[in-house]
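Below, each chain spelled out in residue letters.
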Amino acid sequence: MERENHRLVRQVLLVVLMWALFMPVVFAHGEIAQMAGIRMRTVHWFDTKIEPTQVKVNDIVTVRGKFMVSGHWPDYVAKPEEWVFLNIGVPGPVFVRMDATVNGMPQYQSTAFKRGEFYEYEVKMKARVPGEWHVHPLINVWEAGPISGPARFVQITGSKDDFVNTATSPRLE
Amino acid sequence: MAIQIEAGNKADVDRTPRGNAVISVKEQMQAWRNADLFFFPLISVLIGGAAVFLCALTVGDWSYWMDWRDRRWWPLVTPLLLLALPAVATYAFWRYFKLPVAATGLALGFWLSQIVSRYVNFHVFTAFPMNWVMPEVWIGAAVVLDAVLLITRSFALTGLVGGMLFGLLFSAMNWPVVAPMHMPVLLGDTVMTLADYMGFQYIRTAMPEYVRIIEAGTLRTFGTHVAPVSAFVSGFFAILVYYVFVWIGSKGSRPSWLGKLV
Numbered sequence: 001m002e003r004e005n006h007r008l009v010r011q012v013l014l015v016v017l018m019w020a021l022f023m024p025v026v027f028a029h030g031e032i033a034q035m036a037g038i039r040m041r042t043v044h045w046f047d048t049k050i051e052p053t054q055v056k057v058n059d060i061v062t063v064r065g066k067f068m069v070s071g072h073w074p075d076y077v078a079k080p081e082e083w084v085f086l087n088i089g090v091p092g093p094v095f096v097r098m099d100a101t102v103n104g105m106p107q108y109q110s111t112a113f114k115r116g117e118f119y120e121y122e123v124k125m126k127a128r129v130p131g132e133w134h135v136h137p138l139i140n141v142w143e144a145g146p147i148s149g150p151a152r153f154v155q156i157t158g159s160k161d162d163f164v165n166t167a168t169s170p171r172l173e
Numbered sequence: 001m002a003i004q005i006e007a008g009n010k011a012d013v014d015r016t017p018r019g020n021a022v023i024s025v026k027e028q029m030q031a032w033r034n035a036d037l038f039f040f041p042l043i044s045v046l047i048g049g050a051a052v053f054l055c056a057l058t059v060g061d062w063s064y065w066m067d068w069r070d071r072r073w074w075p076l077v078t079p080l081l082l083l084a085l086p087a088v089a090t091y092a093f094w095r096y097f098k099l100p101v102a103a104t105g106l107a108l109g110f111w112l113s114q115i116v117s118r119y120v121n122f123h124v125f126t127a128f129p130m131n132w133v134m135p136e137v138w139i140g141a142a143v144v145l146d147a148v149l150l151i152t153r154s155f156a157l158t159g160l161v162g163g164m165l166f167g168l169l170f171s172a173m174n175w176p177v178v179a180p181m182h183m184p185v186l187l188g189d190t191v192m193t194l195a196d197y198m199g200f201q202y203i204r205t206a207m208p209e210y211v212r213i214i215e216a217g218t219l220r221t222f223g224t225h226v227a228p229v230s231a232f233v234s235g236f237f238a239i240l241v242y243y244v245f246v247w248i249g250s251k252g253s254r255p256s257w258l259g260k261l262v
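Order-wise, the sequence lines are chains A and B.
Take the first sequence: its position 96, counted from the start at 1, is 96 in the working numbering, and no numbers get skipped.
Take the second sequence: its position 234, counted from the start at 1, is 234 in the working numbering, and no numbers get skipped.
Since the hints were made in silico from the structure, they are not lab data.
Owing to the predicted nature of the structure, the values given are computational and were not obtained by experimental measurement.
C-beta: ideal position from N, C-alpha, C; glycine also.
Hints should not be assumed to be uniformly reliable.
[Stated by the list, open to error] Covered stretches of chain A, going by a simulated chain B footprint (3 or more residues, C-beta under 8 Å):
{"id": "1", "region": "83 to 90"}
{"id": "2", "region": "128 to 138"}
{"id": "3", "region": "164 to 170"}
Bound-form chain A, shown alone (with noise of 0.2 Å):
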């Protein structure tokens, strides 16, 4: 009995540690692992930039494009004229996002897109903590969740300490 549980024990180890050496790394995911229907007939991005992929703490990077929301948008999915929020996607706050725009139009809250229309944004951020990271433009409807656009690795070089961020405070004159 006591041989069979070693037996059973040498086995378990030897299954983690082929699962931890043959695993492959996952560096990232988002609009890959979206389903069909959702990367085909919801939002089309293009001409997607997001640079410069080298940075350092406080340097500025921009992800730009545009996108259009499709006139074929499916019926189970929420509608995007409900609310929708320009977003972007990173693992946590690594960024601090300095400014967005649609259009040349502020972008700082949600807001409607309509379906078959083409749209063009814009969104820059500070760089805030040391790293490698995959950073997505993304678009989160209301009550369907999070549409993923193309994305680019950036790295972030320096110390996270260096990190400066200010607000102004509006003056009543």
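Based on the hints, put chain B in the right spot on chain A.
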């Protein structure tokens, strides 16, 4: 089993085998202390973990983010959900030990557990600023609840007066934490509260977009006359919550349950 040792020769007592691990009063006391040292932290962690989990499931984002602490839902929903466990524990502690300390103890343990949870999960692991994810404080409201029980010695009156005060005071007692987040700041030419400004800046990818629009159409403002109204409504509902969970405590803390478990 405790062994009563008669006064006598200590050396004899120490040598005498009695078939028990504990052979003196001193050792018995030490065994009890060891049990206390083992079980109290364990129970505290379990209750703290249960409370944090309960809060995560029920209050959730209203508790996590400073910009969610709006003037309507946060003062209304949070105290109602936080009152459940203290009401259950209050019954057991008052019924069996006559100790009006359960709510205060739970509030303190809950707050410490929340601090650890926020620091590790939100600050260290996901790099959010601590002042952005500070848990709400309700130790003061719990002290009031226990004090009312101590004075009135009645669950009915404690629910009526203490429950109302619990809901009423929650928002006011958290005001020192929330007030700095009202500071107006500029994003472009848009005037925002500091809470909303940080909500825009510190990216929450996986959050649903309604993170930004609890009150549709505008960025949220805090305070004003809506907050006291929410607090009063919360107080009225807190009375009901207190009664219901004291009743649950009365059923759950019956010794017959222990007999079935052991």
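These are the hints, each one checked on the structure:
1. Check on the region 83 to 90 of chain A: 7 of its residues sit with their Cβ under 8 Å from a Cβ of chain B, so the three-residue criterion for coverage holds.
2. By the rule of at least three residues with a Cβ nearer than 8 Å to a Cβ of chain B, the coverage given for the region 128 to 138 of chain A holds, with 3 such residues.
3. A count of 5 residues in the region 164 to 170 of chain A with a Cβ less than 8 Å from any Cβ of chain B is obtained; the coverage claim is therefore met, three being the minimum.
Checked against the numbered hints listed earlier, the structure breaks none of them; every hint is satisfied.
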